[in-house]
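Residue numbers (our numbering), protein chains in the order written: chain A, 1 to 784; chain B, 1001 to 1146.
It is worth saying that the hints were derived from the structure and are not from the lab. Please note: incorrect hints may appear among the correct ones.
[To be verified] List of simulated lysine to aspartate or glutamate pairs, EDC-like, C-alpha gap at most 16 Å:
(1) LYS586(A) to GLU605(A)
(2) LYS1030(B) to ASP518(A)
(3) LYS60(A) to GLU113(A)
(4) LYS319(A) to ASP365(A)
(5) LYS498(A) to GLU1062(B)
(6) LYS319(A) to GLU338(A)
(7) LYS1030(B) to GLU411(A)
(8) LYS60(A) to GLU109(A)
(9) LYS1030(B) to GLU175(A)
(10) LYS1115(B) to GLU1082(B)
(11) LYS498(A) to GLU1082(B)
(12) LYS535(A) to ASP456(A)
(13) LYS498(A) to ASP160(A)
(14) LYS535(A) to ASP480(A)
(15) LYS586(A) to ASP620(A)
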Amino acid sequence: MDELLAEFIAETREMLEASQAEIVSWEQEPGDRARLDAIFRFVHTVKGNCGFFDLPRLAKLSHAAESALAEVRAGRRSADSRLVTAVLAVIDRIVAMVDAIEAGEDFPEGGDELLMNALEPGQDDGGESAALHAQAASERKTGSKSDGPRSIRLPVELLDRVMSGVSDMVLARNELARRMREYGVEPTIDGPFERLSAVLDDVRDGITRMRMQRIEHLFNAFPRLVRDLSAELGKQVLIDMEGGEVEIDREMIEVIRDPLTHIIRNALDHGIESPAQRIAAGKREIGLLNIAARQAGNHIIIAVSDDGRGIDGQRLVEKAIASGIATAEECAGMSEDERYALVFEPGLSTAREVTAISGRGVGMDVVRANIERVGGTISVSCTAGQGTRILLSLPLTLSIIPSLTVECGGERYAIPRSYVEEIVHARAGTTELVQVGDAWLATIRGERLRCIALADVLAVDGSTAMERAALVLIRLAGGDLFAMAVDRVLDHEELVIKPLAPRVMATGIYAGTTLLDDGSPVLMLDMAGIARSQKLLSDVQRRVRRTAQQNDDAREEAEAVPMLLFTALDGQRRAVRMDVVRRIDKVAREAISLAGHGARVVIDEALLSLAGVTGGSLPDGRVTLLRLADGRGEMAYAVREILDTASMTSGIMPADAAGEIEGVTLIDGKAVEVIDCHWIFASEAHAPRQLAPATCRLPDDDPWTRSILRPLVESAGYRILGDSDKGEPDVVIVSEGSEAPTGAATLIRMVGDPAAASATGDIYRYDRSALMAALSAARARRIA
Amino acid sequence: MNELLLIARIGGRRIGLRATQVNSVIELDKLTPIPRAPSYILGLTPLRSSALTVVDCALALELGQPTRPAEQVAQAIVVEHEGHSYALLVDEVEDVAEAHSDVTEVSGEAGAGWKRAAQGMVETAIGPVLLLDAAAIIIGPLAEAA
């Protein structure tokens, strides 16, 4: 049966039981006002609840009784015994119907009209309705009590007590099990102990879930609310809900019920426009209200967004100034989001008129107070004309959090599993760790991530070197990914997290604590807090800022931008924004070609534009390259040496002319040139061109060719075409005396006599540098 | 008057806590350290199905020296404050005594930590004791509050 319906039945029964005594004494004393009120409340509630379900008969009956009683309450009618009988007959009928619903049976048709007529004043059919009353009563007595799911209401404290009792039992069981293992017991003890243990696990599972409820429970009432409100307001609104399966503490549902209802009212009343206005604004005439819930770490995020007109920020500011909440100067200095946040100030509303829907004296300030009381936060963002979005973030302190336990410095810690993207080992082949200054960068399958060590965050001694650590990839709510090194990854566990003492929470590293199965406390890490303290959030925040306040450059520049410091080929200290550096590579000098239209480099068989080579000479041997990516294209920047990572906190003094250098900034008190990535990409980059490797056909397959020449040519980046390969090679190498085939782009003839080689332009078979130069030149021609 | 006090020693000095503030006295067994927490917070210890925050009273009161338990097994007083449970580590727990006088002002000389937590002197059958406020101990040295 529908859970909501079951609750309705339980509630109706419970209310009836509570008012049973009232009904009986009302029968004796129809003039008693208190009794009358109690019965009125009962039929009124039944009527209200019926509205949620498709129960027209119940609704009609309760409505009739309510109207009759309302007349009596208003003093327009007296409660004579005939009315009392009729009302009681209706109540009995309601009970009988509820029983039938619970049992899943159909209630016999008919009879309702008679009852309702009896409620009408001046009708003289008292005898009949009394008979009905008696009939219904006997139905109630003989009617089979259903075997359907039954529910009772319990005080939450009782649940808590039982829950902690069961937790204690589990701990005692674990202790006992440990001692049994240590000292050994009679084998006859093992069986019963196992059974006890299994039962206990079952009980614990049930108990922990008792407090939790799917948020659906709360959401289910919203479509009806939206339907009624939109009808009342003459608007058309479509409600869309996501994340109903998210589990949340029962108590929390009660706490957020009213605030959410209020937010929805506001959205419908003030946010979504009338169909005519919407069409005029070029929108679909049906407004959209989206309510989404999602669990993010130790928080439940509920977002309510509409596609209405948004909040009138200007009006809000005017009102704030008028009512003395803020001064004009303060308002002028506010960001857009800060302005919208004024909505939560007491006494402020942008609604031009107070309407029956939302103008009930409960403002957004009360909503905020309610949310903050339970440790949640509320924020609003909005795009004028496009819609409003209200974000509630609620703590999950009593909820069960699936967690990953890890070890660091000999202690265990828990990480909410929702943050964990993946676990990799630093020593795995796909992972590469580079230290840049003090910072570590992990390259995992081509993606460069910043890497922090949990031991450093906690200031403890980790027992494992970074190179052998386990890396937990953490995905923050904002989408950012970073790696965190721990000594060991232990296990997945479902933990009930409890809050920590305020002075411990103040460290910003922990989200809570829990007891593991063996009874030892473990700390839950606050990943968002750690990311903040390690300055891993900067680019996310910046991105948010940029969309929110494009005109506030001063603020943005004041923020720390992570930079990579290096020495360029010309010996200058330069810096590049960390965000654009995809990875750092070393390539052989031969892979770089300076000829043709511009410098190019071949990395992993892809051809990239190469910058940074003007004004300096390439070092011999291997060249260090920064691989820069702007999201679409990719290019390389040659450097002499990587120096360090740093934060750019001061602004950039722009260069005189547009070019490779954006300007000069101060890093650690020294002037450093900042690379203008935009300019470089604009002038150089294109998507990396995947090269079919250059091909080469070798002379007849003799041992010298196979074991000496072939590896050399391959090391220069050529693919050797065999006899079976079709197609024209880029380069053909022939030995002395062979016929030159036609069609090859480049022909290299190898001769055995050094003197003859220099005379004819051929290459002596052991002149390695000449061969390499020829191969390199051939490839450069091909690229160009 | 006639209020029950739990008598203990902190930094060698005899102190009293109102018995109504005290939940129980436990022997500290396992301790899970909390890295980066203020130094007077020693860690967490399990008590049945919850974790207690262990506070070193001597450090919390800025006595300079950490608490040195008098016995082999360290004793701690369990108190509840604003919904959180704490275990206050003391030198030793001595007794429960009845207060025989009103709370009187302490005469000078006490250090900053004592001043912050002390509510006054109380006479008991085993002599005068310094009455402390558990909440003030838990808050810890103010210098670390920033």
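Structure-based check of all given hints:
{"no.": "1", "hint": "LYS586(A) to GLU605(A)", "in the structure": "holds (14 Å)"}
{"no.": "2", "hint": "LYS1030(B) to ASP518(A)", "in the structure": "holds (12 Å)"}
{"no.": "3", "hint": "LYS60(A) to GLU113(A)", "in the structure": "holds (10 Å)"}
{"no.": "4", "hint": "LYS319(A) to ASP365(A)", "in the structure": "holds (15 Å)"}
{"no.": "5", "hint": "LYS498(A) to GLU1062(B)", "in the structure": "violated (29 Å)"}
{"no.": "6", "hint": "LYS319(A) to GLU338(A)", "in the structure": "holds (15 Å)"}
{"no.": "7", "hint": "LYS1030(B) to GLU411(A)", "in the structure": "holds (12 Å)"}
{"no.": "8", "hint": "LYS60(A) to GLU109(A)", "in the structure": "holds (14 Å)"}
{"no.": "9", "hint": "LYS1030(B) to GLU175(A)", "in the structure": "holds (14 Å)"}
{"no.": "10", "hint": "LYS1115(B) to GLU1082(B)", "in the structure": "violated (22 Å)"}
{"no.": "11", "hint": "LYS498(A) to GLU1082(B)", "in the structure": "holds (14 Å)"}
{"no.": "12", "hint": "LYS535(A) to ASP456(A)", "in the structure": "holds (14 Å)"}
{"no.": "13", "hint": "LYS498(A) to ASP160(A)", "in the structure": "holds (13 Å)"}
{"no.": "14", "hint": "LYS535(A) to ASP480(A)", "in the structure": "holds (12 Å)"}
{"no.": "15", "hint": "LYS586(A) to ASP620(A)", "in the structure": "holds (12 Å)"}
Consistency note: the structure conflicts with the earlier hints numbered 5 and 10.
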